[in-house]
Structures are given as C-alpha cells and as structure tokens.
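Two chains, two separate frames, one set of hints: put the complex together.
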Amino acid sequence: MRRLLNATVLIEILRPLGQIAVFVAGAGLILSALMLGMAVLLRGSTVDATTMKNYGVDLFTYTLVNLPQVLIDGVTIGFVYAAIALGYTMVYGVLEFINFAHSEIFAIGAFVGVEVLIALDNSGRLDGIPYTMAYFWLFLAVLAAMVAAGATAVAMERIAYRPLRGAPRLVPLISAIGVSFFLQDAIRLIESLTTGQFHRIIPTFGNFDQQISLASLYIVGTKIDLVMQVKSVIVIVSAIVMVVGLNYLVNATKLGKAIRSVAQDRVTANLMGINVNRIIAMTFLIGGTLGGAAGVLFALKFTRIDPFVGFFPGLKAFTAAVLGGIGNITGALLGGLVLGMLETFSGSYLSVFTMGAFGAEYKDILAFAILILVLIFRPSGLLGEQVGQKA
Amino acid sequence: MSLLELENVHSYYGHIHALQGISLRVEEGEIVTLIGANGAGKSTTLRTISGLIKPRHGSVRLKGQDITGLPPHQIVELGVGHVPEGRGIFPRLTVRENLEMGAYTIQDRAEVARRMEFVFGIFPRLKERINQKGGTLSGGEQQMLATARGLMLKPHILLMDEPSMGLAPVLVEAIFEVIKTLNQQEGTTILLVEQNALMALSVAHRGYVLQIGNIVLDDTAENLKKNEMVRAAYLGVK
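Chains as they are written, first to last, in numbering that gives the first Met the number 0: chain A, 0 to 390; chain B, 0 to 237.
This is chain B alone, in the form it adopts within the complex (with noise of 0.2 Å):
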C-alpha cells in the first residue's frame, strides 16, 4: 500500500480541465517529484490532494484511506502537510506565530515546543528572527519559514510547491539541501513541485513529468535526467 496514491483524477478551474486524469503514487520514505512547464498541473495537483480543488472523477487515498473531496483542514490532521507556491506566510504574524500555525491542529502545548526547537535545528536563522514579522523577512527567509511551518505537525507527507521560486541560486542550493536533509535523517516523505527540473530530480528519488494535465512520463529521477524528452523540454539540454 503507498503512502499517497492519486487515481485517475480530473480536476477543474471552472470550466479549464487542468488535471485530465492524474495517476500517481508516493511510497513512505521518497522523495518525488512532479516536472513540467508552467499551467502543465503541477500546483493543481498538490491542490486537488490537499484538498483545495475537490476532483470531478478519481480518488486520493492516504494509505489506503479514501481522502477525496474531505475539507482541506481535515486533510492536514490526517497528515499531509503543503507548503504553498508563493510560500504563505502570514505577513502580520511573528515567525514564533507563523510556526504555531503549522502546529494548530496539535493539542499538547509541550509537543509544540519540540516540534519548534526541532525546525530550528533545521533553520538557525529562523530563531534568531523569532519575534520579527513574518512579511519582513527576505525571500529565502521566507521559504525557510514556509517549509519550517510544513513542518511543524510532523507530517506523514510534505507537499512541497516550488520551494526555489524566486529564489538566488545559493538560496536554492541551501533549500534543496535541507529537502535532501529531511528525507535522509527524518525519513519525511516529501512530493516536491518544481520549475528547477534539475534541481528536482538531482534530490528525488522518482519523478512525474506533466505536460498539459497528464501524466506523459514516470521513471526514476537517473533515467529522467538521461532522457532525450526531458533533457530536451526541462533541462535545457540540446
């Protein structure tokens, strides 16, 4: 049984068809990535799971549950966590508040303050800027505190949505590192949505490549990297 499992799944936008039958699993302890040009129905994806966009047809199972069309506040108790596109963070409220947000769905006060020292063990930075707003912080600080913040309950499954957007590279490198950190030493399994298909497929252990609502490629991350298709479309590689 996979930890996420998408099956035949159509999403709309009003009238746009943008997943046209989306089939896709997650097993426990991978990171997987999702590649494909912009509109392709990469975010729609990771919205349609977390809840956001309830599909026409098609399931979403969290190991083995059937979690299609439940409210989006109900999916993150099951477990899944997600990381917007254009980070989320809430402007007006500190870093220490942006964070405890991540945790509202767990109770017991002591569990958040470890889960908080534990995210800070990730993000020094983060500490140190504890009591500042969250819409003063830079960009890279900002997706530091919007994965920080996926991270606060302990998720089962992380979905992450263009972590390096808007990003400089050095930025980019660090988060993809910690991506790379979490999955190694916490076993967080992560589905990650990305522009930077290099990037992506240079931590992730498989990959999807989406193109126009479907579904066109999936194979390891190494065979994705050496294909003629997608070095061609994604990697910029002649």
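Chain A extracted, bound-state conformation (with noise of 0.2 Å):
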C-alpha cells in the first residue's frame, strides 16, 4: 500500500514535468516551423529582398538565427503567465466565477516583494552580498509576497464575494471588478502615503542581470550565442515548481479532492462532511499565493512596477487560461506556454515579415485576436470539456 503511495506520488510529481517538456517543444516546434515555413515561402520576394538591406542576410537565414533566442525568450514569458493562469484557473475551477481582481492580487504581491527589496536595500544589507545571502534575500520577499497577496485573496473572497455566493452568475463579476478597482487604488494610496511614488524598480542585486551562455551555435556560418539572463532561469524554475506543486496539491492529497469535489458539485461535498466555505477559502489563498510569488518573478523579470502593473499580465494570463482551458491546471500551463511563446514570435518577426508596417507594438492584438478566435472555435480551451457535457 505504501509503494503504491509512493509511485503515485512520483507519478503526480513526474505528469506535469512531462506535460511541461512536451509542451514546450511541442509549441516551439510548431511556431518555428511556422516561421521557417514563411520564410521559405517568402524567397525572393520584396520581403527577403527588404531584409537583405536591412539586415545583410536574407529572410530564411534572419528568421533561423534569431529562433533561438526567441524561444528563450517566450518561455520565460509563457511561464510567468502560467503562473498568473493558475489562480485564475483554480477560482474558475470551484466556483466557476471569474476572479478578476486576481491581477491585483498579482499587483500586490509585486509591490509586497519589491517594497521588502528596497528596504532590504535601504539598509544596506544588499550591498556586496554573497550570491546564497541574494537568493535568501529574494526567497524571503517571494514569501512576503505570498503571504500578503494570499491574506488579501482570502479576505476579497469573505467580504465581497460569498456574501454574493446565491446570488446571479453577473452579480460577483461586477464585485470583482470592483475590488480590482478598489485594490489597485489602495496601493497607489498606500504608495503615496508612504514612499510618494507609484514607480517602484527592484533594486539591483546578487547575479540576477548576469547573463548565461548557454551555448555557441553556428548556423549557416553564423555564430550565434544562445544567453539567458539568470532571472529568467529563476523565473522558469520557480514556475515549474508552482506548477507541479499545485498539481501535487489538488491530485494527491486530501485538501485537493476535497477542492475537486467542491468544484464537481457543492452540495454533495456538503454531504460528504466537507466544509465548503472552508475549502473555497483555502482555493483563494493557494490562488492568491502563487499570484503573489508570480508578481515578485515579473517585477524581478520587467524591473519596474506601478500600481496597474496588475492589468496586462493579469489579462493575458486570462487569455491563456481560456485558451487552455479555464478550470484545467494543466491547460493554464499550456495556454500561457503558447501565448508567452506567440507573443514573442510576433514580437520578433511581424516586423521583420510585414517589412515595419507592424511592429512588435503589435504584440498583444495577436495575442487577443487568439483568445477571440479561441472563444469562437473552440469556447471550451485546447484541453476543456466540452461544454455542455455532463457525466
């Protein structure tokens, strides 16, 4: 029985990395064979011809030397966004309600992480420090992060929204938005109060802006080295661990059935002895959590934040959440790959394809064009049920 508890568990551990593995090739392999595809379409036509003056190398050999490093790039995007989908995703999954003041959920935990940063630095205990003593210091603002963030979901959840638990599916939505105005108001009246400013910029520390190589390819005669900031590898790992963790949580213990069986059907878990409020409390804080530690990975990750830093991110991991499947774990994991990954592709080739007449500004049309096409096609997300479907 123990074994068999045991493999289970390296089962849940080893599923998501898997499914992380598989999606991020999987995502990367078709976006770069997309543009591959392009280019070896678009030979010798004015598009080629326009990147050969500008850039010196025709369109198939631009687009091959930069792959790379945009696949870099849009996974270290992808899974800041997986991290933000997560909360929205684990609401969704037991109330079916849309939590969007998740983003300043996200909001906070940035300002909570960077503001213990700053006077971390203020008093000079940043200064010159052993690389251990900066990822100490950064863990520690990452669990402030979360601790706060976390608190702050658990009480939106009491004071807005479960007064409201009967009430129409319209009703929370509106006092959702509401919070999120509220929240994001409440930090820029405690920024004011405190520090004057709503810029905050994570002080600089520790090898966090160091670049790694990764490796030096040569590609049809071309050196190309493959870097990577160190707060991008902190970024995905951190991610990886959230994703996997909250995995573990909700498919091998008994907190998690009990969320699964809440989300399934509310009463009957009543009947089962379980106490519902107590449950959809704990899915705010593990939602408010992760959002908190993802809020600390992107002001690491941007540098600077303001108090709507919440807005775009917490939009786009919307996006990806629906685009995966909203109430699905693992399609918040890859609904926020893809979008990180098309972000970045657009960012880096639109230009390039339409000869400037759009540039990288252009970046988040695509990516709600996708959530619209997404909405129209297949309104249920890559990995969704069905809607409709009832076991």
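Simulated from the structure, these hints should not be mistaken for laboratory data. Misleading hints may appear alongside valid ones.
What the hints assert, rightly or not - Dumping the calculated EDC-like pairs for lysine to aspartate or glutamate here, alpha-carbon to alpha-carbon at most 16 Å:
{"#": "1", "chain 1": "A", "residue 1": "K253", "chain 2": "B", "residue 2": "E96"}
{"#": "2", "chain 1": "B", "residue 1": "K132", "chain 2": "A", "residue 2": "D264"}
{"#": "3", "chain 1": "B", "residue 1": "K62", "chain 2": "B", "residue 2": "E27"}
{"#": "4", "chain 1": "B", "residue 1": "K153", "chain 2": "B", "residue 2": "E110"}
{"#": "5", "chain 1": "B", "residue 1": "K126", "chain 2": "B", "residue 2": "E140"}
{"#": "6", "chain 1": "A", "residue 1": "K253", "chain 2": "B", "residue 2": "D107"}
{"#": "7", "chain 1": "B", "residue 1": "K179", "chain 2": "B", "residue 2": "E29"}
{"#": "8", "chain 1": "B", "residue 1": "K53", "chain 2": "B", "residue 2": "E6"}
{"#": "9", "chain 1": "A", "residue 1": "K300", "chain 2": "A", "residue 2": "D208"}
Just so you know, these numbers come straight off a predicted model, no measurement behind them.
Written as structure tokens, this is what we have:
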C-alpha cells in the first residue's frame, strides 16, 4: 500500500514535468516550423530583399538565426503567464467565477516583494552580499509577497464574494471588477502615503542580471551565442515548482480531493462532511499565494512596477487560462506557454515579415485576437471539456 | 430516546411551504421508509435532517442532541450519512476517491482502508472499477458507489433518497437486497425515501406516508401494505 502511494506521488510529480516538456517542445516546434515555412515561401519576394537590405542576410537566415533566442524568451514569459493563470483557473474550477481582481492580487504581490527588497537595500543589507544571501533575501521577499497576496485574496473572498454566493452569476463578476479598482487605488494610496511614488524599481543585487551563455551555435556560417539571464532561469524554475506543487496538491492530497469535490458538486461535497466555505477560502488562498509569487517574479524580470502592473499580465494570463481550458491546471500551463511564445514570436518577426508595417507593438493584438478566435471556435479551450457535456 | 426524532418541522423552499409540521422518529436498528407522491416532501425531509435546508420551526434531534440548524458538514460528523437523490457521484473523481470523500471526516487512514474493504465486501463490482472515474460507471454501479460512499463513515443512520431511481428492475432488487443485508448484519439504521412503495415496504419495519408536506399515516410496514388508501394510491392495487 505504501509503495503504491509513493508510486502515485512520483507520478503526480513527474506527469506535469512531462507535460511541460511536451508543451514547450510542441509549441516551440510548431511556431518555429511556421516561421521558417513562411520565410521559405517568401524567398525572393520584396520581403526577402528588404531583409537583405536592412540586416545583410536573407529572410530565411534571419529567421533561423534569431529563432533560438526567441524561443528562450518566449518560454520565460510563457511561464510568467502560466503562473498567473493558475490563480484564475483554480478559482474558476471551484466557483465557475472569474476573479477579475486576481490581477491586483498579483500586483500586491509584486509591490510587497519589491518594497521588502527596497527596504533591505536601503538598510544596506543587499550591498556586496554573496549570491547565497541574495537568493535568501529574494526568497524571503517572495514569501512575504505570497503571505500578503494570499491574505488579501482570502479577505476579498470573505468580504466581496461569499455574501454573493447565491446571487446570479453577473453579480459577483461586477463585485470582482469593483474589488479590482479598489485594490488598485489602495496600492496607490499606500504608496503615495509612504513612499510618495507609484513607480517602484526592484533593487539590483546578486547575480540576477548576469547573462549565462548556454551555447554557441553556428548556423549557416553565423555564430550565435545563446544567452539567458539568470533571472529568467529563476522565473522558469519557480514557475515549474509552482505548477508541480499545485498539481500535487490538487491531485494527491486530501485537501486537493476536497477542492475537486467542491468543484464538481458543492451540495454533495457538503454531505460528505466537507466544509465548503473553508475549501473555497483555501482555493482563494492557494490562488492568491501563487499570484503573489508570480508578481515578484514579474518584477524581477521586468524591473519596474506601478499600481496598474497587474492589468496587462492579468488579462493575458486570463487569455492563457481560457486558451488552455479554464478550470484546468494543465490547460493554464499550456495556454500560458503558447501565448507567451506567440507573443514573443510576433514581437520578433512581425516587423520583418511585414517589412516594418506592423512593429513589435502589435504583439498584444495577436494575443487578444487569439482569445477571440478560441472563444468562437473552441469555447472550452484547448484542453477543456466540451461545454454542456455532463458526465 | 429515539436515534432520530423530528418534531413539528416546517421547511420552506423560498415561499413554498414544503414541510408543514413533520414529526417522526427512527429507532436504533430500524429501517423506516417515507413514501408519497412527487413533491410530497420526502426529499425535503431528508435534506432538512442533514442540514441542507434549515427548518423555520420545529426541531431535529439525533440521540437526544438538538442538531437543528447545524451546517451539513457538522451533521455528517455526528454520524448522519446521506445518499442523495440522483446519487451525487463526483464524475471526475475515481471510484476510490469518491469513497475516500465518503470518509472525509475520518482522520485515521487505516480505518478508511478498513471501511473501504468493508464496502468492497458488499459491492465487489466497485473494487473492479476502483480506478475508473465515477462518471463512466453505469447507473446501477453509480447507485452502488453512492450507497457505498454513504457507508464509508460508518453512519449511525443512513438517509437514502430514491436508491431505485432510474435502475433496471433486476438492479432495484439487488439494491434492496443490500439495504436488507446492511440492516440485518451490520445493524445499520436506515431512513429510506422511495417512490417504489412496494419495494420500500417489503424491506422496512415501519413507514410514514407523506402528502403535500404532511404525514397522513404512520404504521408498521405490514399494516401499511394492507391499508386501503396506501394500496390504492401508492401500490397501484384497486
């Protein structure tokens, strides 16, 4: 029995890792093939000539040479989206309710983490410290962000959502939008009272900004150095830990089973002796802590935050959750990775393929165009169950 | 002191006065059945006992303890198992996980394992399907699972809501056979709600007849089976 249990534990840890590998490789290969295919198709066209003129190489070489770095960047941002999307999907899975204030939970996490680091920096604790200490302080900041974001999420559920539990679906949704604005302004108020500035920048310390050289490739005679910032590695590793941890929690623990029971049939779960309100609060706690951690990772990667920092990543993570199939943890992961890669691919190649007519700034349009297309053709998402199917 | 006692219970669905003063009792070791037409308040009575509906008046007592108005999860902890109408299987949990949920309030893992072996003894079919998702089971298997799940916490009293609903006649027989066995061999006290009054009265010791939220008749099962009104209205005998 014990051996069996350990086997299931192992499976629950390995399975998401396998899924991550498949999704990264799959999405990467498909998009790369698509780009290279387009480059081949456009060989000899004006696009090809323009690229030759601007960069000194033909379109195909340009595409190929840039590909590895684009993939690395895409995966990094994809994991950030996936980490935020987990929070949307957890809450949706249990309540069938979109917590639009999750983006502000994310922002609170970012602010608490960054403020902790700024405080440490001001007291001189980050000056010239060894790397191990740098990681320790970063970990502490993430932990503080998780506590603050988790607590806010639980309080938000208790105050703004639970009293509306029996109301029509639109009502808690509107409440969520209200909470979202409220939290944004709360951050602004607190920041203006304490620091007087809305834009906060994460202190530079440790080796997070260093570039690691992964490999040097020679593609069609050009030498390319594949580089990755240390902080990108941290983002990816943390996001993987979050996905694996959450997957384990939901699939292999008693709390996870209770969460799934409540998601599937709240009344029957209640009849099993499950305190449904407690489980729903736990769901917000879990989603909130993950969102808070994602906030610090985001700040680490993109350095600068403001009270509206949650809006775009939140919207995109929501898109990712819908794309993957909302309510589904694996779907959030897949959606995040696909969206992150799509965005990076379009950011890097759109301008080249359109001869500068559409620049990288159009990448967001692509993200939301995908959301609309998914909603039209597959409203249940890539991995979601068919809508209306009832077991 | 009765195991379960309802006294003058009034329950509402919104403005609908669903139970209009129900009083009944179930003694330890009994099978008691509630029979009545659709909408008579049979399921509402069970839902009131397990706390899903809070009565506006009256009291529910378990072993003399007043449990009126307690939340359902606390009533379960006191030993009231409820096999809901329509079975309430968790479709995307496996058979094993469904059963584990039935034992949610039991902390001791060894005890949960023992209970699972016990219910597999009664429903060997479930053991064959242990890793299958609840939603993929047939109707009969789902009813077995729902009943087994209700037994996982070794309830003082098991509330069963329409266990025969939607089942083929041969399965209905099988389910009632299980109910009888549980009662005779395990001493499980059962409060059974059924549309199939003939079946219910053949396994029950006593019965109550409900009509639009009121108890109109209570007697031993034997006597109810002979009662003219019951025969005409619920047993389809002229």
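So, going through the hints one by one against the coordinates:
| no. | hint | in the structure |
| --- | --- | --- |
| 1 | A:K253 / B:E96 | 9 Å, holds |
| 2 | B:K132 / A:D264 | 15 Å, holds |
| 3 | B:K62 / B:E27 | 9 Å, holds |
| 4 | B:K153 / B:E110 | 10 Å, holds |
| 5 | B:K126 / B:E140 | 11 Å, holds |
| 6 | A:K253 / B:D107 | 12 Å, holds |
| 7 | B:K179 / B:E29 | 10 Å, holds |
| 8 | B:K53 / B:E6 | 14 Å, holds |
| 9 | A:K300 / A:D208 | 9 Å, holds |
Of the numbered hints listed earlier, not one is contradicted by the structure.
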